[in-house]
Amino acid sequence: DVKVTQSSRYLVKRTGEKVFLECVQDMDHENMFWYRQDPGLGLRLIYFSYDVKMKEKGDIPEGYSVSREKKERFSLILESASTNQTSMYLCASSFGGSGRDTQYFGPGTRLTVL
Amino acid sequence: AQSVTQPDIHITVSEGASLELRCNYSYGATPYLFWYVQSPGQGLQLLLKYFSGDTLVQGIKGFEAEFKRSQSSFNLRKPSVHWSDAAEYFCAVGAGGTSYGKLTFGQGTILTVHP
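One line per chain: the protein sequences are P and A, in this order.
The opening position of the first sequence corresponds to residue 70 in the numbering used here, with each subsequent residue numbered one higher.
The opening position of the second sequence corresponds to residue 4 in the numbering used here, with each subsequent residue numbered one higher.
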């Protein structure tokens, strides 16, 4: 069965801290994605990766970076957390680069920045 | 660039009533269309998807959706809603070519089901 796991369900950090959100998929998928979800705004793409060490900016990359050293793991990094980064973060993966491919989602990490 | 609009932020229905959630998309070519559901505290789960062919698509949990090119719509329907259908529903559009499988999501529709 398809599985995408995220390292934490809930996270509380202080302004200015460096924050790491981890995502692991066990499906040998090529593509991985990080979204943030805010009420009334739906899901917005932060970054995605189509291969190991390859990454592309999404729609809202400012204040974030990513790392993909292994195929199964995709990390989202907040270099210096700010209160406006308080949100739900969702990781997803898909098999290939076709727009037809289903994205499989993790349960999400609810991040609060104080 | 593609976009998706879900006009209804919140819908309330009674259990056993029929349901229709609206989705309008903007995309130059034939789109790849998806409906996902997010139950409270959960990630998103795929309900159904449309690529081509029959414009009426069947999904899981008794849901179906109809693609109407002339109206740029992909509305989700269910004939009889169950209390367990209470969730947030997202419509999404994917592009072909070198899009790397990126999806553009709508704002979401929250469904409340009254007993």
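Derived from the structure by calculation, the hints contain no laboratory data.
Do not rely on the hints blindly, as some may be mistaken.
Simulated restraints, written as ranges between beta carbons of each label pair [stated by the list, open to error]: (1) T152/P - G31/A: 23 to 33 angstroms; (2) E86/P - R80/A: 37 to 47 angstroms; (3) G65/A - S136/P: 36 to 46 angstroms; (4) S29/A - P130/P: 20 to 30 angstroms; (5) M123/P - L49/A: 40 to 50 angstroms; (6) G31/A - V71/P: 23 to 33 angstroms; (7) R142/P - G19/A: 44 to 54 angstroms; (8) S136/P - I14/A: 37 to 47 angstroms; (9) E86/P - R25/A: 37 to 47 angstroms; (10) K71/A - L183/P: 23 to 33 angstroms; (11) G31/A - P108/P: 44 to 54 angstroms; (12) T84/P - R72/A: 45 to 55 angstroms.
Built from N, CA and C at the ideal position, the CB exists for glycine as well.
Status of each hint after checking the structure:
1. T152/P - G31/A: 23 to 33 angstroms: violated (38 angstroms)
2. E86/P - R80/A: 37 to 47 angstroms: Because 46 angstroms falls inside the window, the suggested range holds.
3. G65/A - S136/P: 36 to 46 angstroms: holds (41 angstroms)
4. S29/A - P130/P: 20 to 30 angstroms: Check passed, 23 angstroms falls within 20 to 30 angstroms.
5. M123/P - L49/A: 40 to 50 angstroms: Violated - the Cβ-Cβ distance for M123/P and L49/A, about 25 angstroms, lies outside 40 to 50 angstroms.
6. G31/A - V71/P: 23 to 33 angstroms: Holds, at about 31 angstroms.
7. R142/P - G19/A: 44 to 54 angstroms: Check passed, 45 angstroms falls within 44 to 54 angstroms.
8. S136/P - I14/A: 37 to 47 angstroms: holds (40 angstroms)
9. E86/P - R25/A: 37 to 47 angstroms: Check passed, 41 angstroms falls within 37 to 47 angstroms.
10. K71/A - L183/P: 23 to 33 angstroms: Since the Cβ atoms of K71/A and L183/P sit about 47 angstroms apart, the hinted range of 23 to 33 angstroms is violated.
11. G31/A - P108/P: 44 to 54 angstroms: violated (30 angstroms)
12. T84/P - R72/A: 45 to 55 angstroms: Holds - the Cβ-Cβ distance for T84/P and R72/A, about 48 angstroms, lies within 45 to 55 angstroms.
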